[in-house]
Amino acid sequence: MRALELSGITKRYPKVVANDGISLAVEQGEIHALIGENGAGKSTLVSILYGFVQPDEGTIVVGGQRRDFKNPTDAIAAGLGMVFQNFNLFPELTVAENVVFGAEPGRAGLVDRRAAAAEVNALAERYGLQVPVGKRVEHLPVGVLQRVEILKSLYRDARILILDEPTGVLTPQESEALFAVMRSLADAGKSIIFITHKLDEVMAVADRVTVLRDGRVTASLVTAETSPREISRHMTGRDVELSQRLGRGEPGEPVLEVEGVTVELDGRTAVDDVTLAVRRGEIVGVAGVAGNGQDALAAAIGGHHALRAGRIRIAGTDATGLDNRRRRDLGFTHIPEDRHVAGSAPLGDAVLNLAVGYHRSAPLRVRGLLQPKRMVEHAERLIRRFGVKIAGPAVAVGTLSGGNLQKIVVARELGHDAPLLVAEQPTRGVDIGAIESIHGELDEYRARGGAVLLISSELSEVLNLSDRIAVMFEGRVMAVIPAAEATASLLGLMMAGVPYETALAEEAASAAEGGTAR
Amino acid sequence: MLEILIAPETFAALVRSLVPLLLLGLGGLICHRVGVFNVSLEGIMLAGAFGGLAGSVLTGSAIAGTAIAIVSGVIVASSLSFGGIVRGADPIVIGISVNLLVVGLTSFLLFAIFGVRGSLQQPGTDGLDAIRLPGLGEVPWLGSMLNSLTALGYVAILATVAMQLYLSRTRSGLRLRGVGMRPGAAATLGISPSRYQTAAVLVSGVLGGLAGAQLSLGNVVLFTENMSAGRGWIVVVAVLLANGRVLPLVGVLALFAYVDAVGIRLQSFGLPVQFADAAPYIVTLIALVAIAALRRRRGGIAVAAA
Amino acid sequence: MTAVTTAGRRRDPAVLARRLLAALTGTVTVSILAALVAVGVLLVAIGQNPFAVYGALVEGSLTGRGLVTTLQRSVPLVGLSIALIYSFRAGVFNLGGQGQFLVGGLASVVTALALPGTGIAGIVVACAAGVAAGAAWGVVPGVIQVTLGPPVLVTSLLLNYIGIAGVSYIISLLKPPASSEQATPTIAEDLKIGALVPAQSDLGAAMGQALERNDVLLLAVRGLNWSFVVVILLVIATILFNRRTATGFEAGVTGLNGAFARNVGIRGGRIVLTSLAISGGLAGLIGALVVLGTNYRLLDGQFEATGYAMTAILVVLLGRSSPLGAVLAGFFFSMLQVGGEELNRTFALSPAIASIIQALVIFFVVLRLGIPFVTQRLRKRAEAAATGERIEEVPDAVPGPRDNSTVKEG
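Residue numbers (the numbering used here), protein chains in the order written: chain A, 1 to 518; chain B, 1 to 306; chain C, 1 to 410.
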């Protein structure tokens, strides 16, 4: 039976057609993957499906009935449930309160907390989704949060579950567990729309796959009858995948030395006795599930957190007690995780955004005075060198697309030609062209002798660029291994807290079983 | 002189200055819980004070005056909710401009309607009298406090209890708290954040209007320009200090009211009037700094910059 | 892609014309008109003819003595706004201008009373005292925010009330026992800041002969004192500070995005303290100028009654933290104030009408009133003109629920 059918869904924004005549059919009990690059239109389609956004054209048919979703309530009523990428949970409420929120049991406007807990417990048991019903959600691990999100939909009798990039915050092993849950839900008759940009996940769990590119459906395939290569071609319109770029030549002397660094945040140990070094002409990748101390480590290197213990040396000088400004004087540069929040001033123009950091010395500052004309020239030079698409240096950078804004950030930081770069999620949420260009810049920087600490939750990025890879779990570095020895599954085991030796042994065992380790 | 600190008259004065603070504070608290930073409390109360007295003078009834005070408070609150919630304007800037607008409008209307400047006081205006309880009112120390309560005093007590129950027990209260924590998350479950936010701001208009009526019809029967005199800001601070919880809010406000009462009473012992004027603000500032210092020492999060 | 410099663009007459049109349909103009219409409705409601009222307002504030009064009022108002720009532009919500202004005035009057009459040097010393006191008072909320966290917004405002009470108390100590007024004694004659061209001076006498008695120029040079020049210099210095100094640049970046500033090596705490110290110091200076140039003593409640400090906040908001914007907005608001008082005399209207228009203008400005249709088309055309290229704009994230209530402390 057909659970959901979209036909001709079109949504236009002032500057772009986000969805262009998208049609899609999902059967009952089917896991249907929706795959595409960033900016292919997945997010818009999901927003339409869940009633946040109304399509300009096209129809939605759920269970044989035509529907118009004006808001999420309509979508929920029609039997759709949504599991968001970055969990939409209330931190200070309990698991039970989160699940029943908006459809609370009780009479006369009061909430019956006991009934809520009982109902959630029963539901959790039925689908094998164990959760601590009475606990506040704020400190629960991400795997549990995801189960809470799924329970929220099931509590509302969802027949069609939409999972938006659900594995982004999971280790490969946790992802496997999630896939098992998805399969058992499908067996129980639920339909699942699984949104992702990762090919291997599609192959692992989906029955069918619909590929989006530039707002259009480029293919609708049965997973068993296709190959990753074919899907990839439909996604990108070409055969190539991002190429691997490895360092050439021997790395030089250490530029960044982190020794036994421990950071405490809000009474919890965020970084736990971390030691690592990055040398000239080397990219060291830091792999790990988001929230395992990578951002705290980057902030500690940047001088934003006081250390509980340990030392940090930059370009041979002890930087432990120095603030961000002094560390930058030593040669530290930084691409922060969020380009809007910490990487740029979106309301400021490109001149301002590119001059920051250069404004204290010649040529931009001469005899104590800034030189406005040279600031403009400086911006134009960086814009040209890094191929930023922008109408002119006086344009506010907040109006740029994600990829171009990120290029502004990269241009500013790499333009210093400083010895050290800490790059956090340098390509998150940007289109494939920008990814390629940014990876190229990082590679060239390395070739010029730059030292890069690359922090990324995108495993493929770490594997493609790094010479050595450190894996972080709960604030600790599990191991630092040469790129040649690293495989996704080995890193995945360590990302889940399995010590290096054990992980290596497990890898060897599964290889011996004859299956190629995935 | 020290007996002033525990004299029944001091506590009667405490009650009189607490009632408007509490009504306004509950309004601020519900906004805080729904995630709206309400900087217009000052303007809401001032509008209520003007509306209350003007209404009573014009209609001859304090009850009608109180109703007009509510309407005035709600009008001011709805301009805040339109600007801040519908148009998404900066809540601080909108709040400040609304406050100044109310200062201007009340002086303008004072002159346009009554032809006076500065203050309005007409003999024989119907005010809200304190209610004398037959039995309990005779109890020595408690009695003097109870006997200073007007009808609005009892409204304030009921509203406090109701607010606590509403937030902790009701469906709507749970949803309102959820909107305050993560409006986006509430929206995904079909709860409209802007509806809850608008409702909370309007409730603060009702409560703030009542607070104003208590100022101009309860404690005294007169209106003076800018009569709210920064109380709205004290309430803003108190809500921050109490972090949006009802009982701590009552405690913080009671402390302010006590300092206020003691300061006023000490004037008859030669304390300069300026000290009494400044006392509540000094105490507020000290409390703000002290609590932030304590939280910092405990390693928790300090009252963050708004 | 050919490079387009900002300087080159400004000279292009077509661009200039487009900018002018954009300004005319922009938020500020539309907000002012909307405020005038709203108050017009209020005027009709109380039986007045709004056209007659506005006509009288303009006449009373822009002609003859009225114009000179407007200029006189603009001096402290623009001065205080310039002072506040230093904090607002750095993203510091300093609502403590009132206290800083007052404390500066008090410090200068106390210094002036203690000094033997020493002319210009004495004036400089008294002004310096005002600057020092204002800066010290102004920096307190900054220290509290930087070390402990409670926001300047709240603490600076609380300090106003404490400052008002404290100054009032000190005035009561300084008051001559015989006087019935709550005021300090008057300062010595040669510590008063003189008019630009005093009537008794040679030039003044010559001008008096050459010009008619009611000539605006004559009234202006006699009615304005040297504070006028000081404020003009302050405006110029502030423009240079913002555009040409590293600290000014860093303050601007911090105001646009504090987290970003911290990440690129700007010391946020230092910026907060510096901006508040400059703000407070300049507000204190204006306090000193008002005492030494206009009032010659400090009367209890006089500074608060002028409303300068609170109006200055609105001026900064209307002028978008730009010094020239503050000059225009400050003059406009002074004009409303002076015109409002004229209305009180001729139409028996409350002078509060001026503050209503002022607050409404800001209210509408924050609502981002504008003629969106026209501005949008203009922007599009400007973009197309500037590049031959299409700039791709893909919605970055799920355009889902907007977190539309913004400030939540915590």
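Treat the hints as calculated values from the structure; they're not laboratory data. Warning: the hint list may mix true and false statements.
What the hints assert, rightly or not - Looking from chain A toward chain C, a few residues come up when the C-beta cut is under 7 Å (computed):
1. Thr94
2. Asn324
3. Arg325
4. Leu330
5. Val341
6. Ala342
7. Ala345
8. Val356
9. Gly357
10. Arg360
11. Pro363
12. Leu369
13. Arg374
14. Ile481
As the list claims (entries may be wrong) - Stretch-level coverage of chain C by chain A, calculated; a stretch enters the list once three of its residues show a Cβ under 8 Å from a Cβ in chain A:
15. 178-186
16. 247-258
Unchecked claim - Take a look, some chain C residues computed to stay more than 12 Å from chain A by CB distance:
17. Thr27
18. Glu59
19. Gly119
20. Gln200
21. Val264
Just so we're clear, the structure is a prediction, and the values are computed from it rather than from any experiment. Just so you know, even glycine gets a beta-carbon here, dropped at the ideal spot from N, CA and C.
Status of each hint after checking the structure:
Nearest Cβ of chain C to the Cβ of A/Thr94: about 19 Å, over the 7 Å cut. The hint is violated. Taken as an interface hint, A/Asn324 checks out: its beta carbon lies about 5 Å from the nearest beta carbon of chain C, inside 7 Å. Contact between A/Arg325 and chain C, as hinted, is supported at the beta carbon level, the nearest pair being about 4 Å apart and thus within 7 Å. Here the hint on A/Leu330 is broken, as its CB sits about 11 Å from the closest CB of chain C, past 7 Å.
Interface restraint check for A/Val341: the shortest CB-CB distance to chain C comes to about 6 Å, inside 7 Å, so the restraint holds. For A/Ala342, the suggested interface contact is upheld, since its CB lies about 5 Å from the closest CB of chain C, less than 7 Å. Interface hint at A/Ala345: satisfied, since its Cβ lies 4 Å from the closest Cβ of chain C, which is below the 7 Å cut-off. Satisfaction of the interface hint for A/Val356 is found here, the shortest Cβ-Cβ separation to chain C being roughly 5 Å, below the 7 Å cut-off.
Because the beta carbon of A/Gly357 sits about 5 Å from the nearest beta carbon in chain C, less than 7 Å, this interface hint is met. With a cut of 7 Å, the hint placing A/Arg360 at the interface with chain C holds, because the nearest CB-to-CB distance is about 6 Å. Proximity of A/Pro363 to chain C is violated relative to the hint, the smallest CB-CB distance being about 14 Å (cut-off 7 Å). Proximity of A/Leu369 to chain C holds as hinted, the smallest CB-CB distance being about 5 Å (cut-off 7 Å).
Using the Cβ-Cβ criterion of 7 Å, the hint placing A/Arg374 at the interface with chain C is not satisfied: the shortest such distance is roughly 11 Å. For A/Ile481, the shortest C-beta to C-beta distance to chain C is roughly 30 Å, which exceeds 7 Å, and the interface hint is violated. Check on the segment 178-186 of chain C: 0 of its residues sit with their Cβ under 8 Å from a Cβ of chain A, so the three-residue criterion for coverage is violated. Counting residues of the segment 247-258 of chain C whose beta carbon lies closer than 8 Å to any beta carbon of chain A gives 6, which meets the minimum of three for the stated coverage.
Separation of C/Thr27 from chain A is adequate, the least Cβ-Cβ distance of about 15 Å exceeding the 12 Å criterion. In this structure C/Glu59 is separated from chain A by more than 12 Å, as the shortest Cβ-Cβ distance comes to about 40 Å. Its beta-carbon lying about 33 Å from the closest one in chain A, C/Gly119 satisfies the requirement of being farther than 12 Å from that chain. For C/Gln200, the non-interface assignment is confirmed: its Cβ lies about 43 Å from the closest Cβ of chain A, beyond the 12 Å cut-off.
Some Cβ of chain A comes within 12 Å of the Cβ of C/Val264; the nearest lies about 5 Å off, and the non-interface call is violated.
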